[in-house]
Amino acid sequence: MEISSKENTHVFSNNTILPVDRSSFKSESSASREKPSCCGGIKIFLGALSFVYFAKALSGSYLKSTITQIERRFDIPSSLVGVIDGSFEIGNLLIIILVSYFGAKLHRPRIIGAGCLIMSAGTFLIAMPQFFMGRYQYERFPSTINSTVNISPCLQDKSQTPLTSLEKSQAKINAECEKEAGSSMWIYVLLGNLLRGIGETPIQPLGITYIDDYAIEENAALYIGCVQTVAIIGPIFGFLLGSLCAKLYVDIGFIDLDSITITPKDVQWVGAWWLGYLIAGVISVLAGIPFWFLPKHLPKPESRKDSNTSSEQSKFIVEDNNDQHKPYQQQTKIAEMAKGKSLDLFGNPVYILYLCASIIQFNSLIGMVTYKPKYIEQQYGQTSSKTNFVIGLINIPAVAFGIFSGGLVMKKFRIGVLGAAKLSLGSSFFGYLLLLSLFAMGCENSEVAGLTVSYHGTKAMTDYEQAVFSECNEGCSCSHNDWDPICGENGVTYISACLAGCQASNGSGKNTVFFNCSCVGTFESSQSSSAVVGPCQKGNECPKMFLYFLVISVITSYTLSVGGTPGYILLLRCIKPHLKSFALGIYTLAIRVLAGIPAPVYFGVAIDTTCLKWGSKRCGGRGACRLYDSSALRYVYLGLTLVLGTVSIFFSVAVLWVLRKRSSPQDETLSANGERGTCGTKSRKDHFVNSDCLIQSTYWPEKETRL
1 MEISSKENTH
11 VFSNNTILPV
21 DRSSFKSESS
31 ASREKPSCCG
41 GIKIFLGALS
51 FVYFAKALSG
61 SYLKSTITQI
71 ERRFDIPSSL
81 VGVIDGSFEI
91 GNLLIIILVS
101 YFGAKLHRPR
111 IIGAGCLIMS
121 AGTFLIAMPQ
131 FFMGRYQYER
141 FPSTINSTVN
151 ISPCLQDKSQ
161 TPLTSLEKSQ
171 AKINAECEKE
181 AGSSMWIYVL
191 LGNLLRGIGE
201 TPIQPLGITY
211 IDDYAIEENA
221 ALYIGCVQTV
231 AIIGPIFGFL
241 LGSLCAKLYV
251 DIGFIDLDSI
261 TITPKDVQWV
271 GAWWLGYLIA
281 GVISVLAGIP
291 FWFLPKHLPK
301 PESRKDSNTS
311 SEQSKFIVED
321 NNDQHKPYQQ
331 QTKIAEMAKG
341 KSLDLFGNPV
351 YILYLCASII
361 QFNSLIGMVT
371 YKPKYIEQQY
381 GQTSSKTNFV
391 IGLINIPAVA
401 FGIFSGGLVM
411 KKFRIGVLGA
421 AKLSLGSSFF
431 GYLLLLSLFA
441 MGCENSEVAG
451 LTVSYHGTKA
461 MTDYEQAVFS
471 ECNEGCSCSH
481 NDWDPICGEN
491 GVTYISACLA
501 GCQASNGSGK
511 NTVFFNCSCV
521 GTFESSQSSS
531 AVVGPCQKGN
541 ECPKMFLYFL
551 VISVITSYTL
561 SVGGTPGYIL
571 LLRCIKPHLK
581 SFALGIYTLA
591 IRVLAGIPAP
601 VYFGVAIDTT
611 CLKWGSKRCG
621 GRGACRLYDS
631 SALRYVYLGL
641 TLVLGTVSIF
651 FSVAVLWVLR
661 KRSSPQDETL
671 SANGERGTCG
681 TKSRKDHFVN
691 SDCLIQSTYW
701 PEKETRL
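Residues 1 to 707 (full-length UniProt numbering) make up the sequence shown, in order.
The hints are simulated quantities; they were obtained by calculation from the structure and are not laboratory data. Hints are supplied without guarantee of correctness; some may be wrong.
Unchecked claim - Below, in silico cross-link-like pairs of lysine to aspartate or glutamate (DMTMM-like), each with a Cα-Cα straight-line distance of 20 Å or less:
| no. | residue 1 | residue 2 |
| --- | --- | --- |
| 1 | K544 | D344 |
| 2 | K510 | D251 |
| 3 | K265 | D482 |
| 4 | K538 | E217 |
| 5 | K510 | E489 |
| 6 | K576 | D266 |
| 7 | K265 | E444 |
| 8 | K105 | D212 |
| 9 | K538 | E471 |
| 10 | K247 | E217 |
| 11 | K617 | E444 |
| 12 | K386 | D482 |
| 13 | K265 | D75 |
| 14 | K386 | E489 |
| 15 | K544 | D482 |
| 16 | K265 | E474 |
| 17 | K538 | E377 |
| 18 | K247 | E377 |
| 19 | K510 | D212 |
| 20 | K43 | E217 |
| 21 | K43 | D256 |
| 22 | K296 | D212 |
| 23 | K510 | D256 |
| 24 | K411 | D251 |
| 25 | K510 | E217 |
| 26 | K265 | D251 |
| 27 | K617 | D212 |
| 28 | K265 | E541 |
| 29 | K510 | E541 |
| 30 | K265 | D629 |
No experiment lies behind these values; they were computed from the predicted model shown.
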């Protein structure tokens, strides 16, 4: 008869251990007498699990770094990118209950290995559209694409363009429209991210419980701490990989790079976003290989042979084994017990208030982190490569150091539950207070004729679509849908050479120079009428503001992260031991459903409202945004983050008020000594200090990417 891993904790004598499987009886009994073998097995699993945590954190953070690249490549708005980002959480939720319930009864290492394969398959699927949707087409005037035909940008008479060239161009557009109309390739990115979520599901619950079951009890927290530390390193490499790939052109290896007329500073630039997904997929495959060779069970360490020293989890398992022999009538009471457990949990005001505070705060943090690269690019005129490099090398280490500092302060000063609530509240309050200062650290809008400034230099713009036309370009056959920016010598950006009224051009590619631009010459204080390819740079004050932003952003990331561990300790110690697993499950589920899925979507919708100039697809319809209103973007992005953060602070204050009301000076003293919490516990029997508590205190949902 095969015995499950739960039954291994039941001890029949001091000298014997119940075997887990007849086929493995000999190996396990010998291993139990050899302590090095036991330690070796758990350490191999620890190394493999750490690599898996690194792989999943790398791929997850790399997705965040490619948000703007995906938006431009597939010509989709930010709101749709938010749906793609949230699909990971949807995939996770689809099977979390099945994995949590059946996973412990099956071969846990192999389930984790299978999850890695599914995760890698999803990562590869995200990159697949690059190989099926053709080469990336950006908007450029024909004379800038190494054309031998000298065409005037301002087409006063279409007869200036040879008929054959017009026919070929129109035929090419029609062919591309037929190809594009047959598919929406971004769906594959969504499905791939959904698969990533499904594959990632078993890694944490099964990996953590496997270590907790077979590690020496006092070492379990250390092992899990090592895993979480490695998980912090993953996002650093993920964003650095995103920085490297963003420097490379999207079609590298498929076309001649000398023919590219845009630079990484152009809003139409798309890096080799797909390359990083191929690398991340290979890493996920390699990470899953060791788990196919690990055993279903490991020998129990010597310290867990005595039931008196077994963990809380093991004691509950023994009771479950005894329940198997109870009559059927007694087992029918399970539903009533579950109902009573739910009422007991949701009747705890501290838990409910903290749950509400966490949901709202994670809405704030998830939205902020998802669109932080876009905000830096649009607000400060930085390239995607530099943005990802800064986030990976500065912000994420600050988050890791903040989480570590929070745990260190809790241990150093022996802070109890009430102190943890104060520390968590103070961290959030000062973090969002620092975030408030970022309102003053923005850049002015770029001067774009017809959008942010008029063609005569005034800044009173109301009707953007109609304002792109002026007296200086009324004789040109221009389209207001084009986005092919040029920079006039007056420092103003023009939507296209045609709308700038340019009559001639010289050179090709990136070296194209436009002459006799009537709109450039009419601009006040203008001394020349020439222009070059590409938008003008933002004001001289913008680089300085970007530096200030980085400093405040790092300090804010650290401050908010300090409260992560104290907050989670507060959650754990304000619930009864037998409700702990259920409470943590509800907590994680609520964060994913009510924060992880909706936050990227409504943040994206809000950001879309600040767009001044939308791109247009070749077959018609609105594409990705080309230019944002910098001031409106700053107020929407930071304002939404701060409003949500402020609401969460009010709930945190309510948590502290309830704790103070339910605690007494004696409780606070005992809590500081680690004997009893301040959540209304009535006896030391209800208190729990075990490895599981220490393990969970290091976990902060998706802290790897919370900046």
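Quick rundown of the hints versus the structure:
1. A hinted pair counts as satisfied when its Cα atoms are at most 20 Å apart, and K544 with D344 does not qualify at roughly 55 Å.
2. Proximity of K510 to D251 is assessed by CA-CA distance (about 17 Å); at most 20 Å being required, the pair is judged to hold.
3. With a CA separation close to 18 Å, the supplied pair K265 and D482 stays within the 20 Å bound.
4. For the suggested pair K538 and E217, the alpha carbons sit about 58 Å apart, so the restraint of at most 20 Å is broken.
5. About 16 Å separates the Cα atoms of K510 and E489, which keeps this hinted pair within 20 Å; it holds.
6. Taken as a hint, the K576 and D266 pair is broken in the structure, with Cα atoms around 56 Å apart against an allowance of 20 Å.
7. A distance of roughly 17 Å separates the Cα atoms of K265 and E444; the hinted pair therefore holds under the 20 Å criterion.
8. With a CA separation close to 15 Å, the supplied pair K105 and D212 stays within the 20 Å bound.
9. Distance hint between K538 and E471 is unfulfilled; the C-alpha atoms sit about 26 Å from each other, more than 20 Å.
10. The straight-line distance between the Cα atoms of K247 and E217 is roughly 48 Å, outside the 20 Å bound, and the hint therefore fails.
11. Proposed proximity of K617 and E444 is contradicted: the alpha carbons are some 29 Å apart, above 20 Å.
12. Taken as a hint, the K386 and D482 pair is broken in the structure, with Cα atoms around 27 Å apart against an allowance of 20 Å.
13. Of the supplied pair hints, the one linking K265 and D75 holds, its CA atoms being roughly 18 Å apart against a limit of 20 Å.
14. Restraint check for K386 and E489: not satisfied, since their Cα atoms lie roughly 27 Å apart, outside the 20 Å limit.
15. The straight-line distance between the Cα atoms of K544 and D482 is roughly 32 Å, outside the 20 Å bound, and the hint therefore fails.
16. A hinted pair counts as satisfied when its Cα atoms are at most 20 Å apart, and K265 with E474 does not qualify at roughly 30 Å.
17. A distance of roughly 12 Å separates the Cα atoms of K538 and E377; the hinted pair therefore holds under the 20 Å criterion.
18. Pair hint K247 plus E377 holds up; C-alpha atoms about 14 Å apart against a cutoff of 20 Å.
19. The hinted pair formed by K510 and D212 fails the criterion: a straight-line CA distance of about 60 Å is larger than 20 Å.
20. Between K43 and E217, the direct Cα distance comes to roughly 14 Å. Compliance with the 20 Å bound is thereby established for this hinted pair.
21. Distance check on the hinted pair: K43 and D256 sit about 49 Å apart at the alpha-carbon level, beyond 20 Å; violated.
22. A hinted pair counts as satisfied when its Cα atoms are at most 20 Å apart, and K296 with D212 qualifies at roughly 14 Å.
23. Note on K510 and D256: the hinted pairing holds, with a Cα-Cα distance of about 14 Å set against a maximum of 20 Å.
24. For the proposed pair K411 and D251, the alpha carbon gap of about 52 Å is over 20 Å, so the pair is violated.
25. The hinted pair formed by K510 and E217 fails the criterion: a straight-line CA distance of about 64 Å is larger than 20 Å.
26. Simply put, K265 and D251 have alpha-carbon atoms about 17 Å apart, close enough for the 20 Å limit, and the pair holds.
27. Of the pairs offered as hints, the one joining K617 and D212 is violated, with about 54 Å between alpha carbons and a cut-off of 20 Å exceeded.
28. A threshold of 20 Å between alpha carbons decides the hint, and for K265 with E541 the separation of about 18 Å falls inside it, so the pair holds.
29. The suggested pairing of K510 with E541 is violated, with an alpha-carbon distance near 27 Å, which exceeds 20 Å.
30. For the proposed pair K265 and D629, the alpha carbon gap of about 18 Å is at most 20 Å, so the pair holds.
Checked against the numbered hints listed earlier, the structure breaks hints 1, 4, 6, 9, 10, 11, 12, 14, 15, 16, 19, 21, 24, 25, 27, 29; every other hint is satisfied.
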